[in-house]
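Line order of the protein sequences matches chains A and B.
First residue of the first sequence: 0, per numbering that gives the first Met the number 0; consecutive thereafter.
First residue of the second sequence: 0, per numbering that gives the first Met the number 0; consecutive thereafter.
Don't take each hint at face value.
[Unchecked claim] Which chain B residues stay away from chain A? Per the calculated CB distances, all over 10 Å, these:
hint, residue
1, N18
2, T205
3, E206
4, Q251
[As the list claims (entries may be wrong)] Simulated restraints, written as ranges between beta carbons of each label pair:
hint, chain 1, residue 1, chain 2, residue 2, range
5, A, K77, B, A137, 39 to 47 Å
6, A, Q68, B, D58, 32 to 40 Å
7, B, L284, A, R69, 17 to 25 Å
8, A, R27, B, G163, 56 to 64 Å
9, B, T136, A, D64, 23 to 31 Å
10, A, L8, B, C335, 24 to 32 Å
11, A, D64, B, A137, 33 to 41 Å
Simulated from the structure, these hints should not be mistaken for lab results.
Where a beta carbon is used, it is the ideal one built from N, C-alpha and C, also for glycine.
Here's the letter readout for the chains.
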Amino acid sequence: MKVIEISCLEVWREISNYIEDGVDAELRARMEAHFKVCAHCTAILDGTRNVVKLVTDGVEYPMPDGFSQRLYNKIKDK
Amino acid sequence: MTALTHAPNVPQVADTDVNDPKLRQVIDGAAITKSPPQAWYRTMGHNPEVAKAFANYWDLLHRGGAVPHQIKELARIQIAQMIGCDFCARQTSPLAATITEEEKACCALPNWEHPDAKTRAALHYARTLTLDDGRDTAVYEELKEYYSNAEIIELAAFFCLTAGGNRMAKSWSIEPHGGVSAIPAGAISIHGRESMGASKPHLEPTEAELIQRACQGDKEAFYSLVRPCERAVYTTAVSILNNPEDAEEVAQEAVLKALAHLAGFRGEAKFSTWLIQITINEARLKLRKDRRHLYESVDEQRTSEDGEYFPKDFADWREIPSEALQRKEVREALKCAIASLPLKYREVFVLRDVQQLKIEEAAQILGITEGSVKTRLLRARLRLRDALAPGIDGSWSMGKPEYQKVRPW
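Generate coordinates for the entire structure from the input sequences, incorporating the hints supplied.
Structure below.
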């Protein structure tokens, strides 16, 4: 099957949906073919994917000590 | 859900018993105008003179007058939510077709602020007139910026008729299709959850049961609802405010607002979705109130997305070495990069990527389309990559060979 080429600009537009598995099979094939030959877009893809991976543990936003207890007290006292 | 079904307090008049031609006209007309629906006038039909006079007055205020119908319809939905009249809140006038489902859903939030200043002023007035004594000076000052005295009279009369009408409908226990409301006065709507509850026996109380108990004053039940989402509430607040103390204050305020307005929660979304919506609104209010000059406009939320994206560089960040994840400076850089995102991107990124909510949930919470969520998410992720990748592959410094390699222009 012939895969129609796709530009870097189009790849950047869809890169987030690609990570989410939110593109159709035809577009996915075109993007994958593009990544094979374009180091720059592959770098963007890897970097973007890594950003998403990095934040999933939520450690950037630790809950303050005693948060739950203070919230519970507020509810109880209301 | 049979326990919730009960006979109407005032039955509807059967079509065959409607002999007054003008009342017939009013009832038939309601099939088109829908707000109020036919069931309303069929119930009022026991007293045709009152029904006809009400219809005239309602038409004058709701569809006539100088204030745009759209604004009045939005206020009507908000008042119905505040009074807890699920029946009225579910109706929408076809003349107000541009009111979105998101706007309708947002009306249910105790602290929602409409992006349009003129609409916002009217909604503030509707709120104070319905819940307080309606004499809030600040609300009047805001109102007078956009409305003449004649329009204020129109709004006041319309709001009072709406609030009174909502109470009537609630007390009659009517349903749009002529049936009986499954929601007794004082209880809450749990549409969409009934089949789940009926088919799955369970030991733990369901969300609907906890809400019902919390509405009756059970604080432990309310905390059971809040506990699973308290981290999400805090994360949402701190990601918007970038300050742990402010975030805790806002999180507490949001939870207390949810408690105070729980009877108005319609159960069409999950409780956690509703609570996060309230939290976001509360955090935005705090931004507006305290630190407007330091932050980007919160109203920017409604503007169109930016133009085309072009990467700043092509820094190679193929793998994250496990030790890099643990490095304090990497985590700090990530935190700073997220904090420096424009608010509209940051909100979407935190909901979707940090809190792992579905695209549709993020859209519902923010009152935007799923398409907008995806566009903002793309921008957020690419901006964060731009901010972090060159630092991680060591190509920040101009002196290093990597610097030129990743910037071929």
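* For which of the previously enumerated hints does the structure constitute a violation, in increasing order of number? -> 4, 5, 6 and 9
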